[in-house]
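**Student:** Here are the chains, one letter per residue:
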Amino acid sequence: KQEVTQIPAALSVPEGENLVLNCSFTDSAIYNLQWFRQDPGKGLTSLLLIQSSQREQTSGRLNASLDKSSGRSTLYIAASQPGDSATYLCAVRQVWDRDDKIIFGKGTRLHILP
Amino acid sequence: DTGVSQDPRHKITKRGQNVTFRCDPISEHNRLYWYRQTLGQGPEFLTYFQNEAQLEKSRLLSDRFSAERPKGSFSTLEIQRTEQGDSAMYLCASSLDRGEYEQYFGPGTRLTVT
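Residue numbers (our numbering), protein chains in the order written: chain A, 802 to 915; chain B, 5 to 118.
Extracted from the complex, chain A is given alone in its bound form (with noise of 0.2 Å):
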């Protein structure tokens, strides 16, 4: 059974500084990782999806790595800025036969102070 585990759970750090997001998985089997944002109370936006025969995706200050064989991805966030305060979710889809799914992580709640 698939597990994606985030760590750390929480955050703070000043604005301006540097940060990276940890996520693992139990299963390599994975056709692809996706970062996403959420705001408190409402929907999830998609920041970067990575397939699973790529090793990172960037866009703007956001990099995102991935290292199938080793269960890992991690999200770079560069020069942090107080609206980037929000809850950060990371998820694997996998397809197998009819199975269709993507497992989340817990997530990180990330807050920069200003």
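Below 27 Å or equal to it, Euclidean Cα-Cα: the simulated DSSO-like pairs (lysine-lysine) are:
1) 61/B / 907/A
2) 18/B / 843/A
3) 843/A / 15/B
4) 61/B / 802/A
Source of the hints: derived by calculation from the structure; they are not laboratory data. These numbers were taken from a predicted model, which means no experiment stands behind them.
Fit chain B to the known structure of chain A by using the hints.
**Tutor:** Showing chain B alone in chain A's frame:
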């Protein structure tokens, strides 16, 4: 295309009442998924459809829950005899029918059972 839409965005109901949520996927997407997210947790898979066929159901989907996707377009999720434990955000997503394609999420329906 305006993306995945969900209606209503918020629903407050009394315990024991029935509720129904609607999801409209991106028009060319033939797969549609339902997830549930409780406070402080990541979303959890409930069920998904390939066109009008319901292909997989999580054991989280008790007998009080039923989902349909008539004609392979929009989908409804009904909860009968709601309980306080059903209070959650219900998220819908859609995608094309291959694992490397992204699942696009709607804004969610927040259910509060009093």
